[in-house]
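Turn these sequences into a full structure, and let the hints steer you where they fit.
Spelled out from the first residue to the last, the chains are:
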Amino acid sequence: MTEDRLFELIEIWGADPDAYPESERAGAKALLAAYPQRFAAALADARALDAAFAQLPDILPSAALTEALIASAPKPASAGAAWRLPKFAPWAPASGFAALAAGLFMGLMIAPTASAASDTDDVQALLEQALGYDPAALTEEIAP
Amino acid sequence: MAFTSDLDQITRAAAGDPAAVQSLVHRYSPGVLALATRMLSDRSEAEDVTQETFLRAWKALPGWEPRAKFSTWLHRVALNLCYDRLRKRKESLPGELPDMADMALAPHEVLDQSERVGAIERAIGALPERQSAALTLCALQGHSQAEAAEILEVSVEALESLLARARRTLRAQLLEGRTSA
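Those protein sequence lines, which keep their order, are chains E and Y. First residue of the first sequence? That's 1389 in my numbering, and the numbers climb one at a time after it. First residue of the second sequence? That's 547 in my numbering, and the numbers climb one at a time after it.
Since the hints were made in silico from the structure, they are not lab data. Computed from a predicted structure; not experimentally measured. There's no promise every hint is true.
Unchecked claim - Covered stretches of chain E, going by a simulated chain Y footprint (3 or more residues, C-beta under 8 Å): (1) 1394-1402; (2) 1415-1425; (3) 1431-1438.
Where a beta carbon is used, it is the ideal one built from N, C-alpha and C, also for glycine.
Written out as structure tokens, the structure is:
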């Protein structure tokens, strides 16, 4: 540590040698202890500026700002999300079409095998049950 | 140790752990806000910069690689956002920049505490941007030489030059004028 370098350190970092770069701290302290008068004026100057900085109040975030910062952070993944379907599954439309096709195919296969007569009887029975009377008999009564 | 602790909290915060998020906000938002406030001399703008800085941090968390300390990275982002705003101010208000001469205290001035604080803040705010940032990081926030140089993206020698010029200017404005009375 040279005297010139110590004057520089005082000018750059102020009067407190603990604020100096770690690698130069011990050398600076030793020189200051050996020649206190030589650096007294520079230290007094630096101390006055350090004191001015010390008067500045701390700048702290308001509660509202802190809350806003926390609210803007990533949200935790909710429990069970791993097995839940995503909002859009690329394969979903394809499966819908497959189900529609299967339904149409089954309908076409079954329709020709159904007997027309038995269908008519079934419909007749259902109508009678729903209306509370036999519409076929009524039709016969009205007919001339 | 703090480095490991940061990494652990960053990993947990990226997964949405509320405790880790709160810890990062409580630990780093005061420094970011203070830096932005000193740089911009405007609390509201400084809060905007702080919010933007943390938004960028949250986006960066999932792919975070500890090439730099989280604190260093965060302050660098904040500082660059401040530079952007200061540049826009200069572009929009070219004739309304503060006059350095106005920052000096007249020798006869006797200032009370709040006036003195105001004068110091104005003088720091009127320094050239990089000097103001260097002084804030080192003299006011206690960042190490290496960390401040990394935040400012300058060499240690360049940092020392910025600090020396900043302190000389402030000494001339805040001290020499008054003591010469």
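Structure-inconsistent hints, enumerated in ascending order: Violated: hint 2 alone.
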